[in-house]
Each structure stands twice: as C-alpha cells, then as structure tokens.
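S.K.: Model the placement of chain B on the given structure of chain A, informed by the hints.
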Amino acid sequence: MSFVLTPLAGGALIGASAGLLLLANGRIAGISGIAGRLLGRWDGDAAWRIAFLVGLLLGPVLYRGVAGQWPAVRIDAPWPMLILGGLLVGYGTRLGSGCTSGHGVCGLARLSPRSLAAVATFMAFAMATVFLVRHGGLSR
Amino acid sequence: MNASRIVAALVAGLLFGSGLALSGMMDPARVLGFLDVAGAFDPTLAFVLTGAVAVSAVGYLLRRGMARPLLAGRFEVPAARRLDPKLLGGAALFGIGWGLVGLCPGPALAALVLGLPDVAIFVAAMLGGMLLYRLTSIRGSGSAHGATTS
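Chains as they are written, first to last, in the working numbering: chain A, 1 to 140; chain B, 1001 to 1150.
One should not assume that every hint holds.
To be verified - Computed footprint of chain A on chain B, listed as stretches where at least three residues anywhere in the stretch have a Cβ under 8 angstroms from a Cβ of chain A:
#1 1032-1044
#2 1062-1071
#3 1097-1106
What the hints assert, rightly or not - One side of the interface only, derived from the structure: several residues of chain A facing chain B at Cβ under 7 angstroms:
#4 Gly11
#5 Gly15
#6 Ser17
#7 Leu23
#8 Ser32
#9 Gly36
#10 Ala51
#11 Phe52
#12 Leu57
#13 Pro71
#14 Ala77
#15 Pro78
#16 Pro80
#17 Thr93
#18 Val105
#19 Phe125
Bear in mind the hints are in silico, worked out from the structure with no lab data behind them. Beta carbons are placed, not taken as given, at the ideal position from N, Cα and C, and that holds for glycine.
Isolated chain A (complex conformation) (with noise of 0.2 angstroms):
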C-alpha cells in the first residue's frame, strides 16, 4: 500500500505547498520560476521567493528528522551530462516558462492549455531521451 499511499501523500503536501502560496500570496509555486527571477535584480518580490527557497531546503531536513533517515538521491550520470542537463533544465525552464511544478503540478490543477501542451512536450522528450540513453546505446 505505502507502494501507492506515500507517493500519494508527498504529492499531497506538494499540491498543499501549491495551494497556500496561490490562496495566501497570489502566486504560482513554479520553482524555476522563484529561483531563476532571483538571478536578475531583486525586487519586492525576492524575500518571499528567498524564504520559499529556504523552506524547500529545509523540506529534506525535517523529513530526516521525523522518518531518521535522508531521503535517497542516486545519481549514475556522469560529470559531463550533469552539466549538459543541468544547462538544458535551467535554460529549457525559463524559455518554456516553467517546470514540473509550474506547469506539472500548477498549470495541471488549473487546466491552463499551455500548461497541458508543455507537460505533454517534456514528457514525451524526457522519455525519448531515456530511451536512447538507456536502449539507443549513447552511454553504458
């Protein structure tokens, strides 16, 4: 059951994430939204977006605290394809204006059919990338 509950309930607290910071503060919880705007010059709207940031790095921290353990992080990429989806991720967010949870979790809750149309399109190029990595024979 935890197999399909816990997913269930972390996408809860994410969806409650969402939820507060549109009925509380107006806004959109889109991560490479609040994080690459805080890259250009600071406005009114930096402290909210820093203290979200914050709370999302503490996020890890309680959970530590209340399950005893850090929360599992594999990584088998290698140092170069780090760079190079790293790269593609943060200038890929912003030119698409957002990410997962801008257009996932936010766009999705909203019907928003540019949201629709991203989801669809990182999806199905994530997946075609995996495939040719993992079955394409480009690494391993």
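M.R.: Then chain B, alone, in the frame of chain A:
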C-alpha cells in the same frame, strides 16, 4: 512587503520540500524509472503528480471565490492561453535535460541540503542555464514569457 507573506512562502517551501522527500521524487533513479517506459517502469511519479494536482486543484477552485489573496493585493497567475514556439521549444529542451539526469529544478535544489557533489554540479549548471537565458533574451519582452498576470 509584510512579514506574513514571507512566513507563508517559507511554510509553502517547507511543505514542498518535505513532500518531495516523502514522495521519493528527489531520487533521480526513481524519476528515470518512470521515464524509462521500455525498461522496469516505476509508476511512482504518476501517483505523486496525481496527489499534487488533486490538492492543488482545490486551491485553484477556492481562488474563484476570492477577490484577492489573503495576504497580497492581487493574484498573479499567467493569463496566456496560446501556444508558441518558445513554450514548446523550452519544454523540449527541459525534457532532454531531465531525461539525461533525472533531476528537475525542485528536487535538484532541495537535494542541495544533502551535500552531494553531483547535485551541486547539476545545480550550478542549471543556474548557469537560467542565467544564459536571462542574458540572451531580449529585454522588455517580459510579457511574452507567459508571465502576464490576471
């Protein structure tokens, strides 16, 4: 800027980060398991997204009955509905990067707290990519980024 908005954002971030940790989505191996439709498929991401969208949708439904947010002057939610090449091109590039490593911005930033060098390398490159976008995008076209507000 009042303190209550900052506290609300801090709590929202904490909910997001603990949700990511609980869900297993900070683990690129599990994310890639979902994306690997031809391999040992791991459906976890679908359950997480279902829970997140369901609860988030309650928030967006409640919003309809509110003239303004509890702590701010107005809702700033993108109003644009039309698809454009930037949206789809950006999503495609993001998808390729996500598929290469299995990390997207939220889990990558949250995982920084574990102090793993691989995560730090990825996040540094990701911030570099965001900065590259900022430096190359034309100034003054901000409204075309889907950042228009309602």
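S.K.: Next, verify each hint and record whether it holds.
M.R.: Against the structure, the hints:
1. With 7 residues having a Cβ less than 8 angstroms from any Cβ of chain A, the segment 1032-1044 of chain B passes the three-residue criterion, so the hint holds.
2. With 7 residues having a Cβ less than 8 angstroms from any Cβ of chain A, the segment 1062-1071 of chain B passes the three-residue criterion, so the hint holds.
3. Counting residues of the segment 1097-1106 of chain B whose beta carbon lies closer than 8 angstroms to any beta carbon of chain A gives 10, which meets the minimum of three for the stated coverage.
4. Interface hint status for A/Gly11: upheld, as the beta-carbon distance to the closest one in chain B is roughly 3 angstroms, under 7 angstroms.
5. The closest approach between the C-beta of A/Gly15 and any C-beta of chain B is roughly 3 angstroms, which is under the 7 angstroms cut-off, so the hint is satisfied.
6. Given hint, A/Ser17 at the interface with chain B, holds; its Cβ is 4 angstroms from that chain's nearest Cβ, closer than 7 angstroms.
7. With its C-beta approaching chain B no nearer than about 6 angstroms, A/Leu23 sits inside the 7 angstroms limit, and its interface hint holds.
8. Restraint check, A/Ser32 versus chain B: the minimum CB separation of about 5 angstroms is within 7 angstroms; hint holds.
9. Restraint check, A/Gly36 versus chain B: the minimum CB separation of about 4 angstroms is within 7 angstroms; hint holds.
10. For A/Ala51, the interface hint holds, since its Cβ comes within 7 angstroms of a Cβ in chain B; the closest pair sits about 4 angstroms apart.
11. Annotation: A/Phe52 was flagged as interfacial toward chain B, and the flag holds, the nearest CB pair being 4 angstroms apart, inside 7 angstroms.
12. Given the 7 angstroms rule on beta carbons, the hint for A/Leu57 holds: about 5 angstroms separates it from the nearest Cβ of chain B.
13. The interface hint given for A/Pro71 holds, since its Cβ lies 4 angstroms from the closest Cβ of chain B, which is under the 7 angstroms cut-off.
14. Evaluation of the A/Ala77 hint against chain B yields a held restraint, the C-beta minimum of about 5 angstroms falling below 7 angstroms.
15. Taken as an interface hint, A/Pro78 does not check out: its beta carbon lies about 9 angstroms from the nearest beta carbon of chain B, beyond 7 angstroms.
16. Evaluation of the A/Pro80 hint against chain B yields a violated restraint, the C-beta minimum of about 10 angstroms exceeding 7 angstroms.
17. Because the closest C-beta pair between A/Thr93 and chain B is about 5 angstroms apart, less than 7 angstroms, the hint holds.
18. The beta carbon of A/Val105 is positioned within 7 angstroms of a beta carbon in chain B (closest approach about 5 angstroms), and the interface hint is therefore held.
19. Checking A/Phe125 against chain B: minimum C-beta separation of about 3 angstroms stays under 7 angstroms; hint holds.
Hint compliance for this structure: hints 15 and 16 are not met, and every other hint is.
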